[in-house]
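Student: Sequence:
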Amino acid sequence: MKFPQPITVDELVNIIGRPLERSGCYDGPVTGLNEFHSVEVGDVTFVDCDKYYNRVLESPATVIILNKRLDCPYGKELLFSEDPLEDYLAIVKHYKQYEPQLVSIHPSAVIGEGTVLEPHVFVGRNVRIGRNCIIHANVSIYEDTTIGDNVVIHSNTTIGADACYFQKRPDRWIKLDSCGCTVIGNDVEIGCNCCVDKGVSGVTYIGDGTKFDNLVQIGHDTHIGKRVLLGAQSGIAGCTYIDDDCKVWAKACVNKDLYVAKNTVILACSALDRNVPDEGTTLLGVPAVESTKKWREFAYMRKLSILFDDVKELKQKIEGGK
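Residue 52 in this note's numbering sits at position 52 of the sequence shown; the count goes up by one each step and never skips.
Be aware that a few hints might be false.
[Said to hold, decoys possible] Keeping only pairs whose Cα atoms sit at most 27 angstroms apart, straight-line, the calculated BS3-like set for lysine-lysine is:
| hint | residue 1 | residue 2 |
| --- | --- | --- |
| 1 | K168 | K256 |
| 2 | K68 | K51 |
| 3 | K76 | K51 |
None of these hints come from the bench; they were simulated from the model.
All chains should be modelled from the sequences, with the hints used to inform the complete structure.
Tutor: Below you can see the structure in the form of structure tokens.
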């Protein structure tokens with residue numbers, strides 16, 4: 001999320017609303033807020049987990065809110081806090097406050113020439129829809145969504161809802177309020193009852209020419225490349241990058257924070273839990289592995305009963321010869 005105008009670190013601390021110990025000498029502009037996996041120079045982010053400290057300190061982020069006193073890298077500002085997430089959320093709430101919408105199509109929405117909105121379509125504030133699109137009945141398009149030209153979205157689909165992103169506390173879950181956006185390219189078709197979550201603070205992106213079957217779920221901050229095909233009931237978790245020309249068949253799922261190379265095929269009912277660096281790979285199984293390997297495993301499993309009988313017979317012969 002980019003701020004409407006740059007602010008100083010002093011102004012940032014005022015927005016948080018409580019004094020914070022500081023380390024560093026950055027006196028330039030703070031231009032936005034983002035999670036560490038997608039920060040840019042000028043962004044503020046937070047970290048409260050040991051395994052991510054080094055990754056965040058080495059990221060492009062300019063201002064870092066954290067709960068551990070560490071040496072400040074050159075050109076950055078560290079803000080030490082007992083609860084970095086709460087401070088991060090204070091910034092989000094300052095810039096993104098919930099405003100109820102009492103009309104179906106927000107006055108700020110821009111609808112392209114030739115685009116058709118069927119009855120009961122909801123379009124939120126700051127939405128842009130391109131030319132010659134068909135948005136079928138009961139589709140909901142949340143705020144800060146951009147849709148390209150020649151896009152078809154079928155009934156009961158939701159674009160740009162909040163991310164499912166919560167942090168566990170001893171007595172409750174704390175929600176990371178979503179302040180990101182959703183971008184859908186040209187010539188995309190999305191089936192019925194699909195859900196595409198907006199970025200928590202960045203962008204959820206669907207590339208040109210990609211096609212969804214029904215009941216597809218796309219998590220926050222995920223990048224789906226060009227001409228990707230997603231089968232019914234498939235699911236892609238947050239912050240994953242699916243490159244161009246991939247196929248994810250029915251009921252397949254992909255875990256978070258993964259990279260899937262071009263032309264990968266994930267066969268039906270598979271579950272992917274690792275990166276796929278090589279283009280043109282076909283995967284099968286739970287967890288998914290290269291498909292020829294998995295088919296061999298299936299063949300071996302079918303022979304287990306025969307092997308068991310052979311071992312049983314051999315054991316009886318040995319015991320009978322004693």
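Student: Mind checking the alpha carbons of K168 and K256 for me, to see if they're no more than 27 angstroms apart?
Tutor: Cα-Cα ~18 angstroms, so holds.
Student: Under the criterion that the straight-line Cα-Cα distance not exceed 27 angstroms, is the pair K68, K51 satisfied?
Tutor: Given that 27 angstroms is the threshold and the Cα spacing comes to 12 angstroms, the pair holds.
Student: For the pair supplied as a hint, K76 and K51, confirm whether the alpha-carbon distance does not exceed 27 angstroms.
Tutor: holds, 20 angstroms
In the structure shown, no violation is registered for any of the earlier numbered hints.
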